[in-house]
Amino acid sequence: MNMVKTVLENFNVNTLYLEDRDNTKGAGALTREYMTLRNNMGHYFRIVPIKPKSNKFSRITSLITPFTYKKLYIANYSSSSVFNDIYAYKGDNKTHDDALDAISAAYLILSLGYKERSIHFGNQIFL
6 MNMVKTVLEN FNVNTLYLED RDNTKGAGAL TREYMTLRNN MGHYFRIVPI
56 KPKSNKFSRI TSLITPFTYK KLYIANYSSS SVFNDIYAYK GDNKTHDDAL
106 DAISAAYLIL SLGYKERSIH FGNQIFL
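If you count by our numbering, then the sequence shown holds residues 6 to 132, one letter each, in order.
It should be emphasised that the hints constitute simulated quantities derived from the structure, not laboratory data. Do not rely on the hints blindly, as some may be mistaken.
30 angstroms max Cα-Cα, derived DSBU-like pairs, lysine-lysine [claimed, not checked]: (1) K30 - K61; (2) K75 - K95; (3) K58 - K120; (4) K120 - K75; (5) K30 - K10; (6) K95 - K56; (7) K95 - K120; (8) K30 - K75; (9) K10 - K61; (10) K58 - K76; (11) K76 - K120; (12) K75 - K61; (13) K76 - K56; (14) K61 - K76; (15) K58 - K10; (16) K56 - K30; (17) K56 - K75; (18) K76 - K95.
The following label-pair restraints were derived from C-beta to C-beta distances [to be verified]: (19) I130 - S59: 12 to 22 angstroms; (20) D27 - T73: 30 to 40 angstroms; (21) N44 - N15: 17 to 27 angstroms; (22) Y49 - S116: 33 to 43 angstroms; (23) A111 - H48: 12 to 22 angstroms; (24) I69 - M6: 28 to 38 angstroms; (25) L132 - N89: 35 to 45 angstroms; (26) G47 - N89: 37 to 47 angstroms; (27) T11 - S59: 28 to 38 angstroms; (28) D103 - V12: 16 to 26 angstroms.
Ideal placement from N, C-alpha and C gives every residue a C-beta, glycine not left out.
Please build the complete structure, drawing on both the sequences and the hints.
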């Protein structure tokens, strides 16, 4: 958590979107842990617990367009390896897809408006 705290403070984060599958109203274990962290910091940030609603494959394949047209670039994660990882994903819970899922969630949250975002994620409550 020290690393997370350092990132939150040094990058002056004002909203933290957090995937919490237990509860998106602030009662989930992960959300409570980050609320405790925030309460012990001198830096205030909003916490938004989210739970993906849409199909994971459709979220992950949403990355193809931005990587193809070079609108999204992540150092040390070239477009060809992104495509390989996307096409390797079979939805069988055997493929390591956590990084792609996190990148796709961040991309969708940052690039879509509120209405479009609600298709992929439930209602958003700022805590």
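Comparing the hints with the structure gives:
1. K30 - K61: holds, 22 angstroms
2. K75 - K95: holds, 25 angstroms
3. K58 - K120: holds, 14 angstroms
4. K120 - K75: holds, 25 angstroms
5. K30 - K10: With a Cα-Cα distance of about 22 angstroms, the restraint between K30 and K10 holds, given a limit of 30 angstroms.
6. K95 - K56: Given that 30 angstroms is the threshold and the Cα spacing comes to 21 angstroms, the pair holds.
7. K95 - K120: Holds - the C-alpha atoms of K120 and K95 are around 29 angstroms apart, at most 30 angstroms.
8. K30 - K75: Violated, because 36 angstroms separates the two Cα atoms, which is more than 30 angstroms.
9. K10 - K61: Holds - the C-alpha atoms of K61 and K10 are around 29 angstroms apart, at most 30 angstroms.
10. K58 - K76: It holds: about 25 angstroms lies between the C-alpha atoms, which stays within 30 angstroms.
11. K76 - K120: holds, 22 angstroms
12. K75 - K61: At roughly 22 angstroms apart (the allowed maximum being 30 angstroms), K61 and K75 satisfy the hint.
13. K76 - K56: holds, 26 angstroms
14. K61 - K76: Cα-Cα ~21 angstroms, so holds.
15. K58 - K10: holds, 28 angstroms
16. K56 - K30: holds, 10 angstroms
17. K56 - K75: holds, 28 angstroms
18. K76 - K95: holds, 25 angstroms
19. I130 - S59: 12 to 22 angstroms: Since the Cβ atoms of I130 and S59 sit about 19 angstroms apart, the hinted range of 12 to 22 angstroms holds.
20. D27 - T73: 30 to 40 angstroms: holds, 35 angstroms
21. N44 - N15: 17 to 27 angstroms: Holds: the Cβ-Cβ distance is about 19 angstroms, inside 17 to 27 angstroms.
22. Y49 - S116: 33 to 43 angstroms: violated, 26 angstroms
23. A111 - H48: 12 to 22 angstroms: holds, 20 angstroms
24. I69 - M6: 28 to 38 angstroms: The hint (28 to 38 angstroms, Cβ to Cβ) holds, given that I69 and M6 are roughly 34 angstroms apart.
25. L132 - N89: 35 to 45 angstroms: Because 38 angstroms falls inside the window, the suggested range holds.
26. G47 - N89: 37 to 47 angstroms: About 43 angstroms separates the Cβ atoms of G47 and N89, which means 37 to 47 angstroms holds.
27. T11 - S59: 28 to 38 angstroms: With Cβ atoms ~32 angstroms apart, the hint holds.
28. D103 - V12: 16 to 26 angstroms: Once the Cβ atoms are compared, 18 angstroms apart, the range 16 to 26 angstroms for V12 and D103 holds.
The earlier numbered hints that this structure contradicts are 8, 22.
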